[in-house]
Amino acid sequence: MRKLAFTLTAGAIAAASIFGAGSARAFTQSGKPVPAAASDVTQVAVQRQVPQKYKRKSVKLVTDERPGTIIVDTNNKFLYFVEGNNRATRYGIGVGREGFGWSGVVKVQRKAEWPGWTPPKEMIRREAAKGHILPEYQEGGIDNPLGARALYLYKGRNDSGFRIHGTNQPWSIGLNMSSGCIRMMNKDVEHLYDRTSLGAKVIVIGPGNRQGNVQFADQGVDYFRTLFSSLQ
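Using the working numbering, read the sequence shown as starting at 15 and increasing by one per residue.
In case anyone wonders, no lab produced these hints; they're calculated from the structure. Accuracy of the hints is not assured; some may be wrong.
To be verified - Cut-off 20 Å, straight-line C-alpha distance, at most; resulting in silico cross-link-like pairs (SDA-like, lysine to any residue):
id : residue 1 : residue 2
1  : K215      : K135
2  : K135      : K125
3  : K125      : G155
4  : K121      : K169
As the structure is a computational prediction, the values presented were derived from the model and not from experiment.
The whole structure should be built from the sequences, with the hints applied where relevant.
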């Protein structure tokens, strides 16, 4: 019986900006893709191919979470969309840098195609001190840090400030480099967006949950129900 190992230690959720440290908030722009001018926010410092393990894949997942639930494993940088019958689609993600992590149960309360981006004022000030000039607002489009789609995560009626979104930096998938949001390749976030309903449950494993290496059998073990009991 094949066994898989998951390390659930401090990991953060990926951010809306290459620079960010504080939760990056996005505001919806309706309509079709709008070409955006290049800016300092979109400069690519590293070029790399996305490792094969982060490519979208159908996998076995034993859980009693209902179909349509999204499960985010920030340490291993995977997002699971539960399909039922012990199956899920697994996507690779990028997550936040150490110190900008969070965990818990939230819901998708808003969705946007090609969202615009408004950096928080504290982010603009912080990056200006480093010599990075961020725009006050950037229209949605291929150069926007939020990519092609965004799912807005709420706790009750309150906007958490965190998003599941695309990226104009696909090489960042599998890395820890930003400030709170969960980033996906554009083709993957489009795939997830089309399958996700408003009100969908999102479970995030992050700092403060079970530590260490957790071994689980690939068959017959309700791994996620055990791990997520502390998040309910």
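Violating hint indices (sorted, rising): Result: hints 1 and 2 break, sorted rising.
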